[in-house]
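Note that the protein sequences, when read in sequence, are chains A and B.
Using our numbering, you'd call the opening residue of the first sequence number 1 and step up by one each time.
Using our numbering, you'd call the opening residue of the second sequence number 84 and step up by one each time.
Simulated from the structure, these hints should not be mistaken for lab results.
Just so we're clear, the structure is a prediction, and the values are computed from it rather than from any experiment.
One should not assume that every hint holds.
What the hints assert, rightly or not - Once the Cα atoms are required to be at most 20 Å apart in a straight line, the calculated PhoX-like pairs of lysine-lysine come out as:
| # | chain 1 | residue 1 | chain 2 | residue 2 |
| --- | --- | --- | --- | --- |
| 1 | B | Lys240 | A | Lys33 |
| 2 | A | Lys80 | A | Lys56 |
| 3 | B | Lys307 | A | Lys31 |
| 4 | A | Lys33 | A | Lys46 |
| 5 | B | Lys160 | B | Lys240 |
| 6 | A | Lys46 | A | Lys56 |
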Amino acid sequence: MWRNLLALRQISRRTISTASRRQIENRVAEKQKLFQEDNGIPVHLKGGVMDVLLYKITMGIAVLGTGYALYELTVASLPKKQK
Amino acid sequence: MAHQAHSYHMVDPSPWPIFGAAAALLTTSGLIMWFHYSSMYLLTLGLLSMLLVMLQWWRDVVREGTFQGHHTPTVQKGLRYGMILFITSEAFFFLGFFWAFFHSSLAPTPELGGLWPPTGIKPLNPLEVPLLNTAILLASGVTVTWAHHSITEGNRKQAIHALTLTILLGFYFTALQAMEYHEASFSIADGVYGSTFFVATGFHGLHVIIGSSFLTVCLLRLIKFHFTSNHHFGFEAAAWYWHFVDVIWLFLYMTIYWWGS
């Protein structure tokens with residue numbers, strides 16, 4: 001009788017899930033903690049190393065691309081050599 | 084840590100506006116290089132940097148709202164105004180193309196044969212694929228509204244199903260339009276009929292793709308528990324945009340496809 005009661009206690013505490021095995025968990029609280037940390041890092045870099053990498057790649061393309069665009073503009077505006 | 088005595092959002096310094104401007108420069112000058120010098124390097128850099136800026140800027144907005152809590156009711160009101168103003172500006176954008184269509188089709192010149200559709204043009208049958216596409220977009224308007232109600236009622240599973248269905252309908256529309264474009268007997272180079280048809284429907288198709296992408300991002304955020312039953316503005320903005328895209332199609336269908344055939 002007592003053992004049955006203990007078993008019942010165990011079963012009643014089991015998480016009820018009718019979903020298939022792979023289930024997404026709510027991880028928003030972890031993200032909130034990460035992005036609210038008082039470390040002075042601006043939001044566009046606050047996510048970690050990937051943020052910094054992506055920022056550097058974007059900056060690289062923007063700066064080098066602008067330079068290339070200005071170069072092409074200069075070349076296009078110079079008179080073509082006539083033979 | 085200093086606390087603000089107001090309900091507005093003073094954003095962190097961000098590089099995305101200026102990188103976005105650089106991306107616009109690269110894209111426009113890239114188009115010139117492509118058109119006049121057959122070189123696609125600059126255009127590729129432009130489109131790539133535009134994509135990177137959009138991803139990171141909007142990622143930061145999600146962080147600021149969902150993870151940092153900056154989107155107070157005051158801030159949300161501003162975001163609502165912003166989205167409405169943006170959609171209004173897009174409506175004016177399409178108005179221009181409708182103006183061009185009516186300019187040419189209401190008084191067809193002798194060069195066109197004095198009639199519309201012009202001589203030699205075999206328009207698409209409005210009662211075939213275009214009608215199906217109309218039904219698809221109208222249905223997607225229903226499913227996105229269903230998704231919204233599911234979100235406000237806290238029904239996660241139904242919301243995910245309804246939003247997924249909306250996105251699938253959007254893809255179906257795009258696939259059918261692509262097929263229609265391929266099968267059409269006329270091209271963009273076929274006089275003013277071709278120009279007005281493909282530029283108007285082409286920009287609309289681009290907006291369907293943009294809307295589908297926006298909805299897909301919302302689906303991912305919905306699955307990751309970002310939305311609550313009374314705070315889900317990102318989804319509402321996507322739904323407004325989607326309804327706008329639907330309305331533009333209805334005008335396109337009634338004027339260019341139906342009246343113009």
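Structure-based check of each hint:
In summary, the hint linking B:Lys240 to A:Lys33 is not supported, as the alpha carbons are separated by about 27 Å, beyond the 20 Å threshold. Distance check on the hinted pair: A:Lys80 and A:Lys56 sit about 37 Å apart at the alpha-carbon level, beyond 20 Å; violated. Distance hint between B:Lys307 and A:Lys31 is fulfilled; the C-alpha atoms sit about 11 Å from each other, no more than 20 Å. A threshold of 20 Å between alpha carbons decides the hint, and for A:Lys33 with A:Lys46 the separation of about 11 Å falls inside it, so the pair holds.
Of the supplied pair hints, the one linking B:Lys160 and B:Lys240 is violated, its CA atoms being roughly 28 Å apart against a limit of 20 Å. Between the alpha carbons of A:Lys46 and A:Lys56 the distance comes to roughly 14 Å, so the proposed pair stays at or under 20 Å and holds.
Of the numbered hints given earlier, the model fails hints 1, 2 and 5; all others are met.
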